[in-house]
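Listed here are the chains, written in short residue letters.
Protein chains: 2
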Amino acid sequence: MDEISSLINALEQGCSKIQKKYFKKNEIITTYIQKRSQICILMSGKADLIRYDLNGNKDIVDNFNSNDIFGEAFYPVHTNNELSVIANANCCVLFLVHDDILRKCKSNCKFHNILSSSILELTLNNAIHQNTRIEVLSKRSIREKLLSYFSILSSKDFSKTVTIPISLTNLADYLSVDRSAMMRELKNLANEGFISKNGSKIKLLYK
Amino acid sequence: MDEISSLINALEQGCSKIQKKYFKKNEIITTYIQKRSQICILMSGKADLIRYDLNGNKDIVDNFNSNDIFGEAFYPVHTNNELSVIANANCCVLFLVHDDILRKCKSNCKFHNILSSSILELTLNNAIHQNTRIEVLSKRSIREKLLSYFSILSSKDFSKTVTIPISLTNLADYLSVDRSAMMRELKNLANEGFISKNGSKIKLLYK
DNA sequence: TTTTTTCTGTTGCAATTGCAACTTTTTTTA
DNA sequence: TAAAAAAAGTTGCAATTGCAACAGAAAAAA
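Chains as they are written, first to last, in the working numbering: chain U, 7 to 213; chain P, 7 to 213.
By construction, these hints were calculated from the structure, which means they are not laboratory data. There's no promise every hint is true.
Heads up, the list lumps identical chains together, so a pair's fine if it works in one copy or across two of them.
[Claimed, not checked] Below, computed lysine-lysine pairings styled on DSBU-like, alpha-carbon distance capped at 30 Å: (1) K41 / K162; (2) K52 / K41; (3) K209 / K31; (4) K52 / K31; (5) K31 / K145; (6) K145 / K207; (7) K64 / K41; (8) K207 / K41; (9) K166 / K27; (10) K162 / K26; (11) K145 / K193; (12) K166 / K64; (13) K52 / K26; (14) K145 / K26; (15) K145 / K203; (16) K41 / K145.
Based on the provided sequences and hints, a complete structural model is requested.
In structure tokens, the structure reads:
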């Protein structure tokens, strides 16, 4: 992705406003607390945005892959619970401070100008992902959520046969439904001839 | 909002890349079809993002207020149904083309530089709203959705008494639940002493 | 390779939710 | 200001869903 390589250049040419750090699996990348203007870019690896609720249950709020952008800057100021980003694999992360993106850095580094538009690109990308999730979450039944999800996968891949790119357990989390209820609904969809299913490979049989 | 006034300046100083248009209630502001790079900013008024589903039912996907940013650029490339933005009141809208934000306009207008960061600000703002909605949508029961929604309102207002800023009908849409089921749950919450309710004024009684 | 952990798959049951069909109240429009 | 439209409020009932508690398969770790 072009935006990412521009940023890497800026970094390597010595822009002091960008930090690059490495994390091992299970290490804490950042917490969303008093870092209002922190923007992070995951250059490689996988990470989860985690909340521990009042009962101490771990709740996966979001998850990030290569080229994803995240940070407290994307979240409301007033959150009840602390959010943490935890590495799910070895990660390389760029850290930027929001204000630094707008104002030029002291050394007036020549890559600074591209920063703002690169961040905008990634942020737009993030918005597309969010809207996609809102799309499926706003369906009222598990069946509709699944069909909506499959339909999006199908149009991305230009194919009526889609492979769910995450575990079914994680899919249930993504759709915010009970996993066993989702499994049941997958079976119903298959029994009623809407789909055929082999593991996480789904063939859409309707229309 | 600073970003908006910067944009207005850019416009009024004659940047040819920005268009300003006025719409009356019920007029179509734009459609999300083959306008991949269109970015719109609602300077005043209210608007809804609408989808007509297969049965011809009107489905309100999102709604926009002053200073909100929207456009096909925020949506996945492959959408099944056509999305339209309809004015809900008299609206003033700025239209920008995404590529123009990145490259400088021919006249090299001096306000062009601020464009990118202004758009970034608005886009980050948009992400915050989206994350807030995902937060409530990902709650599994109507009760949890309501409590989560109230809790967010409460921390915004620094008060245990909140006024729902939209109609209850629209709130049910926002939470993606059946309106009558939501009304029932509001009554249950009141009966069980979690809240007290007077119209759209809600007092939080827990903790 | 064995052990441990995670993931998949299943089912009964109770609780929640959506749907449909109303009435009443409030707001908007003519 | 009267009429029309939208919103609020209610309830019964059937369908969906979450929860709990399993067993077996697959993947990861030791």
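Status of the hints after comparison with the structure:
1. Taking the closest pair of Cα atoms, K41 and K162 come within 30 Å of each other only across two copies (18 Å); inside a single copy the shortest separation is 35 Å, beyond that limit.
2. Proximity of K52 to K41 under the C-alpha cut-off of 30 Å is restricted to the intra-copy arrangement: shortest distance 21 Å within a copy versus 32 Å between copies.
3. For a Cα distance limit of 30 Å, the shortest separation of K209 from K31 qualifies neither inside one copy, at 34 Å, nor across copies, at 44 Å.
4. When the C-alpha separation of K52 and K31 is checked against a cutoff of 30 Å, the pair qualifies only within one copy, where the shortest distance is 9 Å, while the shortest distance between copies is 46 Å.
5. When the C-alpha separation of K31 and K145 is checked against a cutoff of 30 Å, the pair qualifies only between copies, where the shortest distance is 28 Å, while the shortest distance within a copy is 34 Å.
6. Taking the closest pair of Cα atoms, K145 and K207 come within 30 Å of each other both inside a single copy (22 Å) and across two copies (28 Å).
7. In this assembly of identical chains, the alpha carbons of K64 and K41 lie at most 30 Å apart only when taken from the same copy (22 Å versus 41 Å across copies).
8. Proximity of K207 and K41 under a CA criterion of 30 Å is satisfied in neither setting, with 41 Å inside one chain copy and 33 Å between copies.
9. Taking the shortest Cα distances, K166 and K27 never come within 30 Å of each other, neither inside one copy (41 Å) nor across copies (41 Å).
10. For a Cα distance limit of 30 Å, the shortest separation of K162 from K26 qualifies neither inside one copy, at 32 Å, nor across copies, at 34 Å.
11. Taking the shortest Cα distances, K145 and K193 sit within 30 Å of each other both inside one copy (19 Å) and across copies (24 Å).
12. For the identical chains of this complex, K166 and K64 are inter-copy neighbours only, at 27 Å across copies versus 35 Å inside a copy, given an alpha-carbon limit of 30 Å.
13. In this assembly of identical chains, the alpha carbons of K52 and K26 lie at most 30 Å apart only when taken from the same copy (16 Å versus 42 Å across copies).
14. Proximity of K145 to K26 under the C-alpha cut-off of 30 Å is found in neither arrangement, the shortest distances being 39 Å within a copy and 35 Å between copies.
15. In this homomeric assembly, K145 and K203 come within 30 Å of each other (Cα to Cα) both inside a single copy, at 22 Å, and across copies, at 28 Å.
16. Proximity of K41 and K145 under a CA criterion of 30 Å is satisfied inter-copy only: 26 Å between copies versus 34 Å inside one chain copy.
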